[in-house]
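J.: Position chains B and U relative to chain W; hints supplied.
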Amino acid sequence: MEPRTESSRNSGERWIKSHCQQCFNACGIVVQVKNGKPTTIRGDVDDPNTHGHLCARGLAGVAKLYDPYRLKTPLIRTNPEKGKGVDPGWREATWDEALDKIASKLKQVRKENPNKLICSLWAYEKYIQTFAWSAAFGTVNGGFSFSGVSNQCANPNHFVGMITHGALVEFPDLKYCKYLFLLGSEYGFGAFQSFVRVARELADARARGLKLVVADPRLSVAAGKADEWLPIKPATDLALLLAMIHLLLHEYKIYDVEWLKKGTNAPYLLGPDRNFVLDAKTGKPLIWDLEENVAKPFDDLTIKDYALEGEYVANGVNCITCFEYLKHETKANTPEWAAEICDIPAATIRRIAREFGEAASIGQTIIIDGTVYPLRPVAILSYRGLQAHTNGTLAMMAQETLMMLVGALGVPGGILPKSMDARRFGGAARSVPMGSDGMIQPAATGWHLYTPFSYPPKSLELRDYAPIACDMGHLVPLVSLDPKKYGIDYEPEALIIYHSNPFTNCGDTSIIERALKKLDLVVSINIYLDESTDFVDIVLPEHTNLERFNLINFTHDMHGLQVSQPAVEPLYDTMDGMDILIELAARAEFLFGPDGFNAKINKTLGLSAPYQLDLNRKYSYKEILDMQAKCHSDGQRDLAWYCEHGNDFRRIPTNQLYRNYGGARLPIFFNYIKTVGEELKRNLEKYQIEARHGLKIKTDIYKGLPYWEPSPVHAPDEKFDFYIISYKNYMTTYADTATNPILIDVAKRDPYLTKVIINSETGKRKGLKNGDFVWVESRFAKVKGIVGLSEGIHPETAAVSGGFGRWTKHPVGQGLGISQNAHLAIDLEHSGFMSGSMETIGRVSIYKCNG
Amino acid sequence: MPRWGMVFDLKRCIGCNACVVACKTENMLPEDTFFTRTFVAELGAFPNVRRVYIPSLCNHCEDAPCEKACPSGATYTRSDGIVMVDQDKCIGCSACAVACPYDNRTQLTEEKLEHSYYGGGELASFEEPRLERWIAGTVTKCDFCSRRIDKGLQPACVGACPTEARIFGDLDDPESAPNKLIHQRNGKPPLPEKNTRPKVFYVD
Amino acid sequence: MKEFDIAGDTFRLGYRFQRHWDVSMASAFFCGELGAGLYLASLAFNSVWGLAVGLAIVGIGKSFFHLTHMGVPRKSWRAIIRPDRSWVSRGLIAIIGFCGTGILYTADLAMGRMLPPTTSLLLLAVSAVCAAVIMVYQGLAMASSSAISLWTIGMMPFIGVIYGLTSGVIIMLARADYLDLETARILYETAVVALIVDLLTIAATLNSAFHSSSGGRVSVEQLTKYRYAKWFYGITIGLGILVPLLALAVGGRNFYADLVAIGGVLTGFYSLRVLVLKVGVYEPLLPLQFV
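Chains as they are written, first to last, in my numbering: chain W, 146 to 996; chain B, 119 to 322; chain U, -6 to 284.
Excised from the complex, chain W in its bound form (with noise of 0.2 Å):
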């Protein structure tokens, strides 16, 4: 006997089902619910995704429903200093006051200019939807301002992801995959998509003997358990990478020679100015064909062989083909060359580099329900470590150039796209549109993945001098501090914070201090007072997980959705998030007409008729969400139906889980990234940015291919001569479960979690023993810490994880672990232009603290 269902219905107990909501992964949950009370949580065994498992702060969940510190009521300020620890002096206020407070000033700003309201809407089970609120009220300051998703996500995966391959997040494909190198990434140990199911799945591929190599400053988890660890230096993943290229394309000369001529436009010809060349007549960029010696249209079909390499005359210019430009650009990244940076031997790289080559197996198929696809069981994954960088975008087109040259994109073991299509939302997976010129077109659907420039401009995130950034959201605090000095031409007024922590999140405090001081209201959605809330001027109250509907899919090979619901009745009286939104959007008159709140709903969500929102009628959002359950199951399945099943997951069929690009052709040569970057250049020179503002944006980066570009922390240092590095960890999400008493119980018994680990060595040089009290000192910030000496961390380098180093008056996990975001520059040199994120390494000197 072998059971493994909780199939338990006794008398007095009822099993609830419901998702997480504790982080993004939607892990399918069951909720025990005694006498009306929840008691328990476990995973549930018909979520196909996770068979039932659950971590650790799905299974701690109903500590955060039952916390004594929870916000019972809306609270509007008395004191109206604010301040870091001065007492706000909370009244409690009735909804209506709150809303119609807020309300008023909402209408004057969008009146005046909507681009004066900030948003901070970081709910991350429902964002899209919360997006669609803030482009109702029409601020392009919506999203995620003001918060630090530039620091905490990995940006250049979503950008570079999508115009690689569609790609909003990328997967291996575990179940033929063999080869799987990570970089700063926990993919399957810990932070990551989808954890409880890939631990899983990578487990079994492990066991299957998959080779896991794994390249992070410190011993991650998945470091630890690797095959093989490279001890790399923060920031430094590009240089390995573009080594790993140069071996490949110069030394080994492994590369899918077929899917690059028909796949790519790696034989696209450049010419002097390193754009395509194109064809006179019908304007496509131009193949050379190598039987007749002449340049053709890219789809002209008599082309007989593809030139992927050499230099050629096509319209009278002399060319090169984009594969002969990326290996000419790359000849320089030698192992050799990479290993003084990157701090990796060079014959490691080498090693490792022919390992990946031939693990490819370049030539082998595989048929799959009855199609043949190649074969490709090597997979790059990178997360926030190698990506939330200022070079991240770049590191990460290298890394997709590396999949690219071993044809290992799309295909069965290699890495599969999780699109931002229709699937999220119930409807069927699409496949990637494809340009005139023949190349891949950047889809999204929500997502903005081009901001066009404008002067004054409008984003406090400076977007418009950045025109393919995902999100800037740490310059917002900046810039608010004087708007004029970056040729804005406003000052914004209000904030509204929705599942945010500005101090915790971002950067350098002081800065976020200031910013939160000046503005005339500042509103929090939240569940308990936080760092922020000393700064925040009406806090509105929001359900708990175990409180609040919602329908998610966030999985990347399967069609339907997955309902969360109420366990029980709102302990407090408290609002869902959104029923907030639509109340406010409500009173401040952006809910209804054709730009209104609802038809931002019905686009983002994909509402066709008859499930479409009434343009001009106010729906709670467990409403809304019957709509969208009975619109992407044709009227068969409603909300209800989804409270009883839970989920109606289906696997996406293989034919659009696999090489689904219509016949688009991949990006060898990153021609979007080359022609934003011109047309920005353009723009910078014809308004003078640089003349009247002082500000040296950098064009020079968008060449269109990866190269090396140190990040700003690389500078020598003698002083701050520790890379302060943070790192996800498998019991808090950001901050959100850090006062989880249950969580915290175990965490505090990790040997690294809430200490500041260098190595030992380092250590021993420094006179540092373990568990030793340090200060941790940087241009912004000193705290206190204790020190954690290991063996497995990069020798110039301290790490600390995420979620501690909290000052609420929370009584869980005060005087635990530093904040490593407090030791990280806001400015314009930390801030990847083209990649969104902020620098995430910051630079300190790490010392003794005697008593």
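Worth flagging that the hints you see were computed from the coordinates, not collected in a lab.
Treat the hints loosely; a few may be bogus.
What the hints assert, rightly or not - Using 20 Å as the maximum straight-line C-alpha spacing, the simulated EDC-like pairs for lysine to aspartate or glutamate come out as follows:
1) W:K407 - W:D450
2) W:K179 - B:E144
3) W:K320 - B:E282
Nothing here was measured: the structure is a model prediction, and the numbers come from that model.
T.: Chains B and U alone, transformed into the frame defined by chain W:
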């Protein structure tokens, strides 16, 4: 009658502590109390270093030293091999706790049981049931979630484990998953030199 | 092989101090061995008050500390249920037997021997055997499980006996003035020999523990090199053995020197009881073959 046992697949365990939290919630354990723990060790020296996670719970030893040490008859072995503590009989002398080579026994003091997770104060409503579940002062431990087993379920930690690193089943059944693993991969009990004959094994 | 160190209460793999048996348990051990030792010494040197004090230390002192330690004291009677397997049960029976027969025997002695000689002899024999069991069972309880390597050492029950008797003999010194010279000389010589035997016993125990297993080695190092070294050398060895030896050697059977010796021995004995519990460690769980 089955003879329940467990195998830890150290290759699969990633130290995520889901088991620990599942156990704490299933057993309504107060702060600072664990029936299962995941130990961590770094092996080797920079840069050739790896990390191992070693989960641990009551090994339900065939030759249980805790049972031999117990003077009150509270500790006994069920016919399915689960080493149990009868709360009503336990006097809280801790003789079992120092007899267990694995440090898997813990005393549920009144102070611990009545201490709220939220920095003391009144117990939150999800904490209250533990006062009914446990008798203050007694020394207790993992019982393989015997109540779940009696309902045909697996122990809570096993059900939670994302990587399925905990494999539970009947050691008398040669075809059971744990038995197969023990034989195929040469399963070893913890601290075999203590001669306790555990029903928990490790494979790597 | 990888060396592990003390892991504290973190989840780091390493040696972990046992914290289940603490000072109250050490006090109970101390009372048991001291009381029983005094009782036996008093039998040897014919001291009725020594018998009475010994009985009181066991009956009141030991019981008190056991009840303090116990999680559910109201059910403490249950400790008697499993003498077939548990040394705690056997010990409890010995304590009851000791108190019962000892009180009768002592009372009879104090009241001028009213009981028939065979009964008295029987009481004497039973109480003496029970006293011996009390001195030895705690060590056996510790040694019966292999959990804590230091405690598993075969010398462990012997420590209780040796120290119990030493303490008993040393306390006898307090009334050495009332003894005839020959007996007093024997008493002093016994005390000196006992202290030397104590020292040798400790040395033998630690030596044997150090070489028994990694856990034993760690415990010994904690005692002799690290956290508890100053207590061990200062109190257990210095104050508990060397000072009394010195006092007996140079004190010239001076009453105050005797008091110093008595105080020193008792303090040293108590410290040893506490330290042996404090430095007990559980060994790391890692199956060695995986390292």
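J.: Work down the list of hints and note, for each, if the structure agrees.
T.: Status of the hints after comparison with the structure:
| no. | hint | result |
| --- | --- | --- |
| 1 | W:K407 - W:D450 | holds (10 Å) |
| 2 | W:K179 - B:E144 | holds (14 Å) |
| 3 | W:K320 - B:E282 | holds (17 Å) |
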